[in-house]
Amino acid sequence: MRNTKNIFENFDFVTFGLYLFLVLFGWLNIYAAVYNEEHKSIFDLTQSYGKQMLWIASSLFLAVVVLAFDGKFFSTFAYVIYILAIIILIAVMFVGVEINASRSWFQIGEFRIQPAEFAKFATALTLSKYMSNLNIRIQELKTKFVAGFIILLPVLIILLQNDTGSALVYFSLIFVLYREGLSGNWLIIGLMLVTLFVLTLIINQFILIGAIAVICLIFFYFIRKRRKEITQLIMVFIIAASFILVVDYIYNKVLQPHQKERIDVLLGNEVDLKGAGYNLNQSKIAIGSGGFFGKGFLQGTQTKFNFVPEQSTDFIFCTIGEEWGFLGSTVVICIFIFLLIRLVNMAERQRSAFSRLYGYCVVSIIFFHFLVNIGMTLGLLPVIGIPLPFFSYGGSSLWSFTLLLFIFIKLDAYRMQLL
Amino acid sequence: MQNTFNERRFVIKIMFLVVGAIFILRLFFIQIIETKYKFSADNNVLRYTTEYPLRGLIYDRNGELLVINEASYDLMIIPRQVKAFDTLEFCTLLDIEREAFDKKFDAAKRYSTYKASVFEKQISKETYAVFQEKMFHFPGFYVQPRTLRKYPRPIAAQCLGYISEVTQAMIDEDSYYKSGDYIGVSGIEKSYEDILRGKKGLKIKLVDVHNREKGSYKDGIFDTVPVPGKNLYTTIDAELQAYGELLMTNKKGGIVAIEPETGEILALISAPNYDPNLLVGRVRSRNFSALYLDENIPLFNRALMGQYPPGSTFKMINALIGLNEGVITPQSRIGCSLGYHVGGLTVRCHPHPSPCDVVSSIQYSCNAFYCSVFRSIIDNKKKYRTVRAGFNMWRSYLESFGLGLRLETDLPNVGRGNIPTDAYYDRLHGRNRWNSVSIISLSIGQGELGITPLQMANVTSIMANRGYYIVPHIVKAVGHPSNQLKKFTVRNNTKIDSRHFTYVIEGMHQVVEAGTARNAKIDSIAVCGKTGTVQNPHGKNHSTFLAFAPMNSPKIAITVFVENAGYGSTYAAPIASLMIEKYLKREVQRKELETQIINTNLMQSR
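First to last, the protein sequences are chains A and B. For what it's worth, the working numbering labels the leading residue of the first sequence as 1, then goes sequentially. For what it's worth, the working numbering labels the leading residue of the second sequence as 1001, then goes sequentially.
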């Protein structure tokens, strides 16, 4: 096989440019969010923004390292990387440190590393490797089962670490399966289950079951002559009803108070603005006060004076909203959408199934983070603590997204060498 | 095969675009349509602090400070920002009860959870010093510097007045005031409020989530600097005022001393009085209710508001009217046989040489002379066809003396006194069923007459000036001693020709030299005076005395009323005399008299 003379051969500079923009703009916003009069320099290493600079520099280094690898390395070692990641995930439960009630961090000196972040690209690699086997068809039950196992194994471990947000990310891989031929019904069923879930929490479960029964009866009237469909309808009703009862049970008996609160706040069940609703309310205030043009760089009062919690990490979008206004926020959203579509296009131009699958994994994961993070800051989704890709402060997250993205960029650059 | 489903990329792309569009719509709603978030953001971060100006100081006529400012601190609270803290420690530091704490806290929350309100007013310097060190334990609380009035000498309480927190009614009336502001509610503090208060400044500061200050908003372009209130230079002579208050110890009544030439009030005393420092700071409300409930009503300014019949001091006015009307001449003599007898009525008089002319009638305070003169004035058929016309003419003379009307002075709540009208007598006796005999008691200053000590002092001033007065006032300059007020320079002439005063003044001089008030005589100073004994249907007679001195170039005109003290010569005359001596000589020689007066207690008997 041919070796590349230059690691930047066929390198997709557009994607790299988008990456660089997001990372650097993120850095500026972290600077603004935690801006400190006593440490005015953005390069001050005692402050978050100084540290973020180190994270960005090391991420760029990491990107170069990834590009230097052989194009076949990742598909060859996919399973090994996955198994290693699982082992580390298990290990962190025993030797990790507990932060915010989640035992999911390794502490090495000053720095903390969250293995769940790195398990993402490992899982993505393995799923792609498995699904790219020639005789694999997602329509088969066995394939669904194995793919489900690959995805759910890290989810289970991460859930045990009490880190719901990170665990949910893996469910986004369903989009990959969809692209590979999984029936669209699964997405629809998923969406309906989420809708039912929300309705259960808002409406009394028995009224809801009654309403579904009524809808089923109406359907029954139209299909009353087709016996097979009647059976299906009855199945749907039974599944829906039991789902409602289970959700209700879980919500009332299993969920921990802080998780319940977050859902309550979102649904408007709770209006305690000093307690659980505080984050969301302050987040909306910060963004809302930005207006059309924003207050200007470093002029945001809500974020700078700490009214918004977690402003440099999960709520970084507030700083964008407040200081750059509707204009800046829209630009950031558009850049993200542009990046996602660009990645889809890149995935579609791959010659190997592995690269395409991996590309979709990257798209799905970034999309899910984007959706949940900004949805949360805007009060459209519950407060689930996951970072905004490339923006949020934090080494683990930046490294992980860099790895995730640059492995794909490497695969993309490598595509020309495959026949 | 792998591309069988590649059409699905469009579904995925559309999903991205839909999510992006939803986010942008949501942003559009939050950032552009909805305005409440901007308001909330300002509430979060902007702290409006009022910068209170220093209230103007008040000086006496010799440059001595009567009212100064002392630093104090208001403890402010923003309930929303209060976090759990050690309430016991808090209460101990501020020396308040737990129940009081809860009450104040609830009140503050009811007012507003995110706006600052006063939690504890006027904390002293000492308490503040201790509290300030611990303040970081109590987020949601901060301290706002204020000033309190302080009075170096405990004098002139009623004229200086006091300040207190504005009421809702005052806020409604004048939007300058905000809840928690202070306003002058009596005395000079009230009448010169606009000058004394200055102008409040406003500072807009940024605070962070922990309520720490983070600098000023937009570099302070919206901030305004407080403008300090202007100082007032009063006409009060602090020494004289203090001396008068000392003399009035354990007595009820009022003293007003005026510089006749200028109308400047040298002393304005209402007894019993109180230490103005009592109505300042945290002790104010307790002291105020005690003073308010005191049966001797120390908060009532007798010198301005108290109405007394003038008694015999009124006789000079009737003499002057008689002379001016031509019903008597300076040489007219009228006999007195222990009173004035008409029909069945007798106005009694005491034994004295008879008959009297104008001078000796004043000297001996003859009742018969004045009954006769008064009747001649009213029943002057040559000039006035009816009793009513004569009476109204007589009354208009009184008004030219500033009686029966409110003197447009610069003190608030000045009484107008009472001079009965013809309408009053119509009601009392029936229309036209009264005559000079029915109202004979007016001739000797009794009956329905009500005159305030300030008015009587003004009358004294008119005597001293031989026929005119300048409205008595208490402030002469604002901002700087040279910036004299122009308002009080107008001469108000009485309807009496100035030449008639010579005889009256001679009579007043004889009162002191050889008449009813020989105990008011001061060596080397020619004092003119007149005693009055006011019949009091409710108890012992009031003692009154008016005087001016020196006779030929008067520097002081004074009126003294002492309630329930008996003859005018007994208490009022020596008090007036001591005051004159104090003012003109700055040192009182008659220590024995002084001690005797100070030690006299007229409060027990009723």
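It is worth saying that the hints were derived from the structure and are not from the lab. C-beta: ideal position from N, C-alpha, C; glycine also. One should not assume that every hint holds.
Now the stretches of chain A that chain B is said to cover, found in silico as 3 or more residues with beta-carbon under 8 Å [what the hints assert, rightly or not]:
1. 139-151
2. 283-295
3. 323-336
4. 371-377
Hint check:
Counting residues of the stretch 139-151 of chain A whose C-beta lies closer than 8 Å to any C-beta of chain B gives 0; at least three are required, and the coverage claim is violated. Counting residues of the stretch 283-295 of chain A whose CB falls under 8 Å from any CB of chain B gives 9; the rule of at least 3 is met. Requiring three or more residues with a Cβ within less than 8 Å of a Cβ of chain B, the coverage given for the stretch 323-336 of chain A holds, as 7 such residues are present. Beta-carbon proximity to chain B at under 8 Å applies to 3 residues in the stretch 371-377 of chain A; the threshold of 3 is reached and the given coverage holds.
When held up to the earlier numbered hints, the structure conflicts with hint 1 and nothing else.
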